[in-house]
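Full structure from sequences and hints, please.
Residue numbers (UniProt numbering), protein chains in the order written: chain Y, 1 to 537; chain G, 1 to 537.
Careful: at least some of the hints might be erroneous.
Copies of one chain are not kept apart here, so a pair can be met inside one copy or by any two copies together.
Stated by the list, open to error - With a Cα cut of at most 25 angstroms, we get these calculated DMTMM-like pairs of lysine to aspartate or glutamate:
(1) LYS469 <-> ASP201
(2) LYS341 <-> ASP24
(3) LYS391 <-> ASP494
(4) LYS527 <-> ASP457
(5) LYS527 <-> ASP201
(6) LYS255 <-> ASP359
Keep in mind that the hints were calculated from the coordinates and are not lab data.
Predicted, not measured: the structure shown is a model, and the values here were computed from it.
2 protein chains.
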Amino acid sequence: MNARERLYLFDTTLRDGAQTAGVDFTLQDKIMVARLLDRLGVDYVEGGFPGANPTDTEFFSAPRTERAVFTAFGMTKRTGRSAENDPGLQGVLQAKAAACCFVAKTSDFHVVHALGVTLDQNLEQIRDTVRAAVAAGKEAMIDCEHFFDGFKANPAYALACVHTAREAGARWVVLCDTNGGTLPDEVAAIVREAIHAAPGDHLGIHAHDDMGLAVANSLAAVGAGVRQIQGTLNGLGERCGNANLVTLIPTLKLKPDFAERFEIGVSDEGLASLSQLSRAFDELVNRPSNRYAPYVGANAFATKAGIHASAILKDPRTYEHVAPESVGNRRRLLVSDQGGKSNLLAELARVGVEVDKADPRLDLLLATVKEREALGYSYEGAEASFALLAKRALGRVPDFFSVESFRVMVERRHNAFGERVTVSEAVVKAMVDGEPLMTAAEGIGPVNALDVALRKDLGRYQPYIADLKLTDYKVRILNGGTEAVTRVLVESTDGDGEVWTTVGVSPNIIDASFQALVDSVTYKLLKAGAPAEGQPS
Amino acid sequence: MNARERLYLFDTTLRDGAQTAGVDFTLQDKIMVARLLDRLGVDYVEGGFPGANPTDTEFFSAPRTERAVFTAFGMTKRTGRSAENDPGLQGVLQAKAAACCFVAKTSDFHVVHALGVTLDQNLEQIRDTVRAAVAAGKEAMIDCEHFFDGFKANPAYALACVHTAREAGARWVVLCDTNGGTLPDEVAAIVREAIHAAPGDHLGIHAHDDMGLAVANSLAAVGAGVRQIQGTLNGLGERCGNANLVTLIPTLKLKPDFAERFEIGVSDEGLASLSQLSRAFDELVNRPSNRYAPYVGANAFATKAGIHASAILKDPRTYEHVAPESVGNRRRLLVSDQGGKSNLLAELARVGVEVDKADPRLDLLLATVKEREALGYSYEGAEASFALLAKRALGRVPDFFSVESFRVMVERRHNAFGERVTVSEAVVKAMVDGEPLMTAAEGIGPVNALDVALRKDLGRYQPYIADLKLTDYKVRILNGGTEAVTRVLVESTDGDGEVWTTVGVSPNIIDASFQALVDSVTYKLLKAGAPAEGQPS
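Quick look at the structure:
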């Protein structure tokens, strides 16, 4: 194992990832992300472009990592000025970062047409910039923009740029597939040429996902001699995003083709934190997590089919290429009309319902689940409703309260100012310990009004649900047209931070929503250990 | 160009894609998807597993494609029975499909441990199944489950399975990376071995995305000799999904490495429909579209402020590896949308609105569209609402009627028999030619009641909307949580068979639904040439 070569991970979430449409990092966000990355074990954290905007400048006023090399991004110096007299370059060099990564043009077309300098002037810019960074005590890197397209048009010049950067003292020369249009075989072939211009462990790869090949291109580049991979958390980045480090790390650590040849800075514990880290990062940038993400997605180890499920129970390796726990994820056997009793048992165990395999009530429960799924209930996405259904079948859910009746009204009319307004009101009549409790509420829409009214006064159960919050509401219409049925999923949370989902199905959307709301409240009462109806508190 | 080899696309959205957690195709869904795929130009449409469930059995009661080969999925016959006496196999052979694709085990470990038969018995199952399919006049295919893992453990046996299938007359032998754990280099190396067991154009690839490499593995397999690619729309499929055909098709058609060597069944027009098709499919399965999807995502050609944007304006090829129009997508420059107006003109032409390029009202319309899209309106999926918006801006939509007020009530209570019932009622007050028209109706749910009431009596406009029918209703909650906004899409049709979709957006689902309903009625009145308010009929 000592013979393994070191492979370096360079994270650019805070620089190239910040180019993502809809993403705007605050200073606090940047500090948090740098901490996440540092703990994960990446080798370089590129934090942004000091001088380009106040956030980045402030971010670089202090070092932000402990283990990882904190890196500032910048542009090579301008032609016609010395490095000392280029304020942009000086700003980057003065940042509190141990390394600087400068973007340089390496395609002759772009040098002449976009930059408007001669090919030699561009080489000089690269040389002087790297030298200035080294003189300032920095670890210097050059990002070769459009390297692969440039190489195809003029290989000698592209290679001259790489060679110049290395000769001037750049620790790394990074080959960028800037527009994401290069195929893996081309990447490998071109890297094999570039390695002659920068032998040893000095080449990096920076891939974009415009053809869904950023991960493959990064791996192909490593196979051909590259020793630094640039990427981002969850593949954030301009257009379709950058190479996804969250996908690459498990492959590098778990697949023998890579793990036997290379060592990376991420430990087994870091790897096991990956699923949580990926979701925490999505929370931070306020994006829904990709359920289908390799390794870390909620569905990455989920199985629906009955035959596959029983095979997995026999031997997980059958349908799992790695162990879910290794990346901090977990196996899910989905209860669905395709699954059988083995799915049901596994799912019960997971939602914490212990039951004997031979319990005769299991057959009835399975039949009930299938019947309800045929009606449109979907328990694979609503584990709290599934847990309630199962516990009820096994006699473990007490009665808490019942709802005698409800009424919801939505009215659009002109208000006193002549403006068109829509108001929603709900009235709920619940029974607790034989006593009627009537509540009324307004809401943004009918479901919101109903929710507010339902949770307004449940008598002595009220304290148990005080910290219950709805966090998401989803509607799906099944079988379009006249026989349409509505399925509603409600996501809730509470003070513990537990998140649970409940389901309701009805031809009437209000009815369906109400079922899911009542299930959520009941789940919370059960969880909080509320006493049964008629029992003392 | 005549020397190009034919590459075949096999779509398994309706079979392997149906294994996706949260996806449940109805019969109507399946019919619609088959039609989309047929029009796109894929070569095979695998529709499901006849006999496995009532939906699939019904789906295979009739041929569902015109150009593509309609394919039934099944399992190889069981050991100890003849093909004639295997009801599962017979069910597949009797399906109204021109081709059958049978899954077979080709890994010695799985044959012995999961299947519990001898290696020879498994070969016999493959042979007899293929022969029975060929005898029944079917185009026969074998899906080699776990082929790559099987090959690594026992190459001779894995190849024997391939050879046996081919010798028995299988048109295609498909190599499956069932658990998605094989790397591109391994795929290429193993395909190069397998091609000896099945020379010519008889090998297929079936890749899963568990390492984010399904697209790369499919391309690597083609490079090594495979001539059929299996995949799904938008990469739907078990766990992390299957190879994404929507990503693969543009790469195969636009990248010279593939386009110069291979020909596929998708035309340039099919390619240009891809972005719309991808989004329409997401609507159908009610998933939010992936903004970052290669080629077709809303962000795939989006560039944020700065140096890149101005470079793109100078020469789009700088940061675009293909032209967005080639895949039916468009360029988005997030700060100054220069392409906006020409896009708008193109979309207007598409919905049949002719207008002079220099018409000053176009700027206002563009601003309105952008503003409304920021609120959550999505005109890509609601062309009728877009046409109305445009024609209104251009002064071409007369006033027909207005709605003064409406009221919807949903009540759950006990009826005279003590049964729990939920009733929905709506009252609508419309104005036609200055006269109030008040209607009331009951419905299955609040939206249905509102729709019935609205269309019950529109005075002299009533004859024009007599043949209007709602055919679908979709709800999507945007930005989950407290700031949630509801987007409703209503699909309508009439006696002509024209189908149109309208959109409504509001924090209140009833309001959003009502907007979409009113747009649908207005669209129909315009289409039917109804006179303007106050004008004689």
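Violations among the numbered hints: 1, 5 and 6
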